[in-house]
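Chain by chain, the residues:
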Amino acid sequence: MTALWQETATELARKIRAREVTALEVAESFIERTLRWNDSVRAFLHFEPEDVRRQARAIDRHLEAGHDPGPLAGVPVAIKDNISTVGMPTTCGSRMLDTYTPPYDAGVIDRLREAGAILFGKTNMDEFAMGSSTEHSAFGPSRNPCNLERTPGGSSGGSAAAVAAGLVPLAFGSDTGGSIRQPAAFCGIVGMKPTYGMVSRYGLVAFASSLDQIGPFARNVQDARLLLGVIVGHDARDATSSVRGLAAEPKTGSLRGLRVGLPVEYFGEGISADVRAAVGAAQAVLQRLGAEVVEVKLKLTKYGIPVYYIVAPSEASSNLARYDGMRFGERGEGENCEQVFANTRGEGFGAEVKRRILLGTFALSSGYYDAYYGRAQKVRAAIRAELEATFRDVDLLLTPTTPSVAFELGAKIDDPLAMYMNDILTVAANLAGIPAISLPCGRSREGMPIGLQLMAPRFGEEDLFLVARAYESETSTPYLWPADPESRSRPHE
Amino acid sequence: MSIDSSEVLRIAKLARLHIEPDEATALAADLDRIVESIGQLNEVELPADAESLTYFDSDIHREDRAVRGLSREDALLNAPETDGERFCMPKILDKGDE
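Chains A and B are the protein sequences, given in the same order. According to the numbering used here, the first sequence is numbered sequentially starting from 1. According to the numbering used here, the second sequence is numbered sequentially starting from 1.
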């Protein structure tokens, strides 16, 4: 028999709304699972079982009174700890915000509450979303449920680990250069970065404002679409948010006539043999389903990382100026304002955040601005133009999500450049503002999940879901639940 | 362009970020490698009038109308130091020569 924690979000919402189970029964199932697992995977930074029960009882009372709580009635959703939540801390994985609890909810949190979801807890992340492994969290790394010695990816690693281990059916991540898609690939689940503007960034603690987007994690495509459907649409508090939403029903039909581009540069040097083979097999599946697969060239691909590592740190150096110890967060010592600012920031930020603030300050500083930031913005425009031109020829792009499977904790922490290369296949979507989804597509020889990435033109979400669902149902196997933590030895601390 | 620890300390001052001297040495080595790898952007051939992408077009506008924001109480909630009505901060100006 399927336990409640193993159910899909779609099925849980249906059962709760039909009053086949109560929201409290569902909550208890996930609470028990989380209490059993969280010490091993360290997905949650904040988790209060009693608060979860209180929310679930409120949903049950709503149903008893004859009201419909909404499309996510009683469904637990984990929230990355850079999304503002009233009544729950929002630390961004940083000592700087160790004691911070926001006085307002993010736009996506308003939507979750309106949809009847349960805010289950706040998940671990690389400090201010800067990283690819959660090892830059000030509170210690999360672990991959498939292998506790390995990273779940990052920066939204806690959310991905929570969904993969069945601690929640859904979670929010944020994706600035691949921070939803890479952990989804590493943990064997679905993760999507929507079109820039599709989801309100109001209340998302800003890292790089022209790149950041909130998006869903789920264990299947239908659930990912369900969560995205709740959070899309205009929010007057984010000037970049669009009026576009999703259709009432997903697109259906055959993939016949669809042209899928395979950018040769995404399959070059540095892509592991297992990843190459798995994505090659996925290509064959899409062809079998009727899609036409053609090779395309994206010559500017290799410049994505250098552009990203100028644009994102430049924006971060400006966004993170607000952490000065005056209005929130920790305050350092000092005899005057300048010293207090510098000491607050020197003590509150971790090594990677400091690196990026310095890099961004350098790229924006007098004498270097044109050579670095100015040039990066021009190459960024060229990357976007190259993608737009390619989308005149093909409907979607198929690539691996990451060059290799999840690496061991500690393997790249001392080499920032090696860590940055994790984003090489994902940054283009952020630079160009287009939507992209990562789907599980098999396992490596050592049993670690592999992800494939589909990219579409701006606002092409429904095409991504159509192809993703077709691929998923064609290759569908039962979800491979990770072995219980008690049944295996604990990793070394 | 090469970055040494004195350059790191200069940038850190601009960023209002206290860095210990030994931290500066390690950061200089990292930043030097990163900036060198970023230098490959100079290979990209761009037309003289290449455009720059700094934002995406938004398809929506709103009226310029005042709306209620955070209450004073909420705004002060997380502050390290207040007098109940305002944020308190150290002196900005030195006394100077008297």
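Hints in this document: simulated from the structure, not taken from any laboratory. Cβ coordinates follow ideal geometry from the N, Cα and C atoms, glycine included. Some hints here could point you the wrong way.
Below are the DSS-like pairs computed for lysine-lysine, each with C-alpha atoms no more than 30 Å apart in a straight line [said to hold, decoys possible]:
| # | chain 1 | residue 1 | chain 2 | residue 2 |
| --- | --- | --- | --- | --- |
| 1 | A | K299 | A | K412 |
| 2 | A | K412 | B | K13 |
| 3 | A | K378 | A | K15 |
| 4 | A | K302 | A | K251 |
| 5 | A | K302 | A | K412 |
| 6 | A | K378 | B | K91 |
The following label-pair restraints were derived from C-beta to C-beta distances [unchecked claim]:
| # | chain 1 | residue 1 | chain 2 | residue 2 | range |
| --- | --- | --- | --- | --- | --- |
| 7 | B | A66 | A | M1 | 51 to 61 Å |
| 8 | A | P89 | B | D22 | 57 to 67 Å |
| 9 | B | D22 | A | R57 | 45 to 55 Å |
| 10 | A | E446 | B | I92 | 51 to 61 Å |
| 11 | B | I60 | A | D39 | 57 to 67 Å |
| 12 | A | K251 | B | A66 | 35 to 45 Å |
| 13 | B | T25 | A | G257 | 32 to 42 Å |
| 14 | A | A281 | B | T25 | 39 to 49 Å |
message: Against the 30 Å threshold, does the CA-CA distance of A/K378 and A/K15 hold or violate the hint?
response: At roughly 52 Å apart (the allowed maximum being 30 Å), A/K15 and A/K378 break the hint.
query: Is 32 to 42 Å a correct range for the gap between the Cβ atoms of B/T25 and A/G257?
result: Cβ of B/T25 to Cβ of A/G257: about 59 Å, so the range 32 to 42 Å is violated.
query: Taking only the CA atoms, is the gap from A/K378 to B/K91 under or equal to 30 Å?
result: With a Cα-Cα distance of about 42 Å, the restraint between A/K378 and B/K91 is violated, given a limit of 30 Å.
field: C-beta pair A/K251, B/A66: status relative to the range 35 to 45 Å that was hinted
entry: Distance hint for A/K251, B/A66 holds at roughly 42 Å.
field: Hint consistency between A/K302 and A/K251 [alpha-carbon to alpha-carbon, up to 30 Å]
entry: violated, 34 Å
query: B/I60 and A/D39, beta-carbon distance inside 57 to 67 Å?
result: Since B/I60 and A/D39 have Cβ atoms about 46 Å apart, the given range 57 to 67 Å is violated.
message: Quick check: does the Cβ-Cβ distance between B/A66 and A/M1 fall within 51 to 61 Å?
response: 57 Å Cβ-Cβ, so the 51 to 61 Å window holds.
task: Look at the Cβ atoms of A/P89 and B/D22 and judge whether their distance stays inside 57 to 67 Å.
output: violated, 32 Å
task: Please test the hint of 39 to 49 Å on the beta carbon pair from A/A281 and B/T25.
output: Given range 39 to 49 Å: holds, Cβ gap about 48 Å.
- request: Quickly compare the C-alpha distance for A/K412 and B/K13 to 30 Å and report which way the hint goes.
  value: Status holds; Cα separation ~29 Å.
- prompt: Holds or violated: A/K299 with A/K412, Cα cutoff 30 Å?
  reply: holds, 27 Å
message: Between the alpha carbons of A/K302 and A/K412, is the straight-line distance 30 Å or under?
response: Holds, at about 20 Å.
Of the numbered hints given earlier, the model fails hints 3, 4, 6, 8, 11 and 13; all others are met.
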